[in-house]
Amino acid sequence: KNEVEQSPQNLTAQEGEFITINCSYSVGISALHWLQQHPGGGIVSLFMLSSGKKKHGRLIATINIQEKHSSLHITASHPRDSAVYICAVSISYQLIWGAGTKLIIKP
Amino acid sequence: GAGVSQTPSNKVTEKGKYVELRCDPISGHTALYWYRQSLGQGPEFLIYFQGTGAADDSGLPNDRFFAVRPEGSVSTLKIQRTERGDSAVYLCASSPGLVGTGELFFGEGSRLTVL
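Just so you know, the protein sequences line up as chains A and B, in that order. Okay, so the first sequence: first residue is 1 according to this note's numbering, each after it adds one. Okay, so the second sequence: first residue is 108 according to this note's numbering, each after it adds one.
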């Protein structure tokens, strides 16, 4: 079992839909990161969470430390949100990566 | 600069040649990471610097790979006797401190193609 599990692996939705990507982890962490990578592009950090909830524009990230679970939500999704979304957890200096969720938003 | 800068953005070389990839992190960031990403795969950890020292180089695949950060800022990843299997995007990331305490910032990557 991987230490960081993401679901779904692939997600296709229509423009405007509310999107949820989930991340579960099995180890004690110092923080959890949500990252975005567009096809052929670099990696961009969206959020770093150690508790609670953060919001940036149409993106919302939550974390439940007791349940070892985090979710990334996208409201009013748009085709430009199409990318791979990666959950990664940090333990000291180490970063343990999830496999990523490939999101496609159709117009 | 405002972000993590990596040069060159693209490098094409022949098998057996020597290659250097440079990473200029955000000013003041003490933590610096090198990752390698092959097509369709997630990033693979190579090495982590805290300041000038390589705190963890366990991800370097073999002794053809070496990285330095002599003054605690710019880092250079060096690959000797390149092989076709070294072809990948090499990503650099920096953080103000331990990655659990500070956000991680990535460069755009250096795409290496070994012919």
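It is possible that some hints are incorrect.
Derived Cβ-Cβ restraints for the label pairs, each shown as a range [stated by the list, open to error]:
| # | chain 1 | residue 1 | chain 2 | residue 2 | range |
| --- | --- | --- | --- | --- | --- |
| 1 | A | E15 | B | K122 | 43 to 53 Å |
| 2 | B | Q187 | A | E5 | 18 to 28 Å |
| 3 | A | N2 | B | E178 | 35 to 45 Å |
| 4 | B | E190 | A | T20 | 36 to 46 Å |
| 5 | B | E190 | A | S30 | 31 to 41 Å |
| 6 | A | N2 | B | S165 | 17 to 27 Å |
| 7 | A | T12 | B | S165 | 35 to 45 Å |
| 8 | A | R80 | B | V181 | 26 to 36 Å |
| 9 | A | T75 | B | E151 | 42 to 52 Å |
| 10 | A | I60 | B | D170 | 44 to 54 Å |
Treat the hints as calculated values from the structure; they're not laboratory data. Where is the CB? At the ideal position from N, CA and C, for every residue including glycine.
Earlier hints that do not hold, by number: 2 and 9
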